[in-house]
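Just need the whole structure built from these sequences, with the hints factored in.
In the working numbering, the protein residues as written are 1 to 118.
Honestly, the hints are just simulated from the structure, not real lab data.
Take these hints with a grain of salt, some might be off.
Stated by the list, open to error - Computed beta-carbon distance windows for the label pairs:
#1 Leu29 - Ala91: 22 to 32 Å
#2 Ser23 - His78: 26 to 36 Å
#3 Gly104 - Arg24: 12 to 22 Å
#4 Tyr86 - Lys8: 48 to 58 Å
#5 Phe65 - Ile22: 15 to 25 Å
#6 Phe26 - Asn105: 22 to 32 Å
#7 Leu98 - Phe65: 12 to 22 Å
#8 Ser64 - Ala91: 22 to 32 Å
#9 Phe74 - Ser11: 38 to 48 Å
#10 Thr6 - Leu33: 39 to 49 Å
Yeah, the Cβ is synthetic: ideal placement off N, Cα and C, and Gly gets one too.
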Amino acid sequence: MKPHTTLKCQSRISTIALLAMISRFFTWLVAFLSVFIIDAYDSASDIILENESSGIIQKLFNLSFHVFLRWDAFYFLHLAEEGYIYEQEHAFFPLFPLLARSLGNSRKLFINFSSKFF
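Here it is in structure tokens:
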């Protein structure tokens, strides 16, 4: 490939990545703002999110992702922690709970590491 073509391809990939991040941010923003407009489903998210002796990073995490603890999130959390136990849980594709468990473990490592500095 010519250097000009490679540069043009990298520019397109960067543009696509930027648009993907912007769309994710706006999705999160709409979800976050909808909590203040629409009556929330009582999800008891305080049970799931760690509150005791929370550092500033944990508090920001809770504020940012509290909005996503609705409806099927409890099934997904149970699947990530315990696996498939009940028959009604088989409706959920197994990749999401595996990713949630991995992300949760990496988040705990990050929070434990960063709490030493903040």
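Worksheet item: So which of the earlier hints does this model not fit?
Response: Hints that this structure does not satisfy do not exist here, as all of them hold.
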